[in-house]
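Chemist: Sequence:
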Amino acid sequence: MKILSVSTATNHLSVALNENQTIISEKNEEDQRNHSENLDPMINELLQDNNLTLKRIDRFAVAIGPGSYTGLRIGITTIKMFASILNKEVVGISTLQAMAKDAKADALIVTGLDARNDNYFAGAYVLDKEQMPINVIADGHYHIDVLLENVEKYLQKNGPKQVLFLGTGLKKQEDKIKEKGFNYGFATEEQNVIHAGLIGQLAEYASPVDPDDLLPKYLRRTQAEVDWHKKTGKPFGSDSDYVEEV
1 MKILSVSTAT NHLSVALNEN QTIISEKNEE DQRNHSENLD PMINELLQDN
51 NLTLKRIDRF AVAIGPGSYT GLRIGITTIK MFASILNKEV VGISTLQAMA
101 KDAKADALIV TGLDARNDNY FAGAYVLDKE QMPINVIADG HYHIDVLLEN
151 VEKYLQKNGP KQVLFLGTGL KKQEDKIKEK GFNYGFATEE QNVIHAGLIG
201 QLAEYASPVD PDDLLPKYLR RTQAEVDWHK KTGKPFGSDS DYVEEV
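Using the UniProt record's numbering, read the sequence shown as starting at 1 and increasing by one per residue.
Any given hint could turn out to be false.
Unchecked claim - In silico DSS-like pairs for lysine-lysine, Cα to Cα no more than 30 Å straight-line:
1. Lys-217 to Lys-171
2. Lys-180 to Lys-157
3. Lys-104 to Lys-129
4. Lys-129 to Lys-180
5. Lys-27 to Lys-153
6. Lys-157 to Lys-176
7. Lys-231 to Lys-172
8. Lys-161 to Lys-176
9. Lys-55 to Lys-104
10. Lys-176 to Lys-231
11. Lys-176 to Lys-55
12. Lys-129 to Lys-217
13. Lys-172 to Lys-161
14. Lys-176 to Lys-27
15. Lys-217 to Lys-55
16. Lys-153 to Lys-129
No wet-lab data here; the hints were simulated from the structure.
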């Protein structure tokens with residue numbers, strides 16, 4: 001199965017081609033925020049390098065969040081369009097799960113993206129026998145104190161385990177992490193970025209969805225949603241309620 005995967009969730013742009021679990025090719029662009037201009041050229045270059053066209057891709061995959069609101073929509077819209085026009089399978093993968101896939105460690109893998117003011121989009125994972133990340137602390141929007149309390153509760157319930165912190169902005173919380181007495185470590189800079197090839201590996205075993213049902217998972221209300229709620233007086237529903245309304 002040929003899988004084309006994309007991540008536009010952060011300022012790191014990544015596209016990859018997988019053949020089942022094998023990463024055939026991956027292209028990355030660091031520290032750029034113009035994904036809308038660079039995504040299509042990177043995909044075209046990837047396909048040309050491997051003598052392929054979009055029609056020969058069997059499944060499309062994309063990081064659906066958490067991450068940059070604008071960035072997520074760029075990647076998701078592009079992949080939805082490909083899958084819909086070509087009548088191909090499409091899957092959405094948690095950004096945090098894709099990051100955890102890079103850990104390759106017998107540890108509680110805490111993945112997080114800095115959401116400012118000591119808040120994080122974060123979750124925790126352990127790897128199964130096939131090195132697939134299993135979510136054990138739900139992806140969510142956490143203050144660092146709440147996140148560390150959840151980690152502590154997991155370790156108390158499931159026994160001692162090394163804790164690996166992976167992602168952006170977590171190292172600056174080292175003093176609070178030390179206070180908890182964890183056996184901990186931090187991931188490398190390379191592991192802290194999102195790689196589309198790992199999204200492709202997860203996508204092989206994920207269940208396809210209808211392209212219309214592929215929506216971002218922000219894990220926090222956008223300002224536009226808050227404004228919409230105030231204007232309409234309607235209760236918050238699923239992402240799809242809001243997206244279809246506007």
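Chemist: Of all the hints given earlier, name the ones this structure violates by number, lowest first.
Modeler: 5, 7, 9, 10, 11, 14
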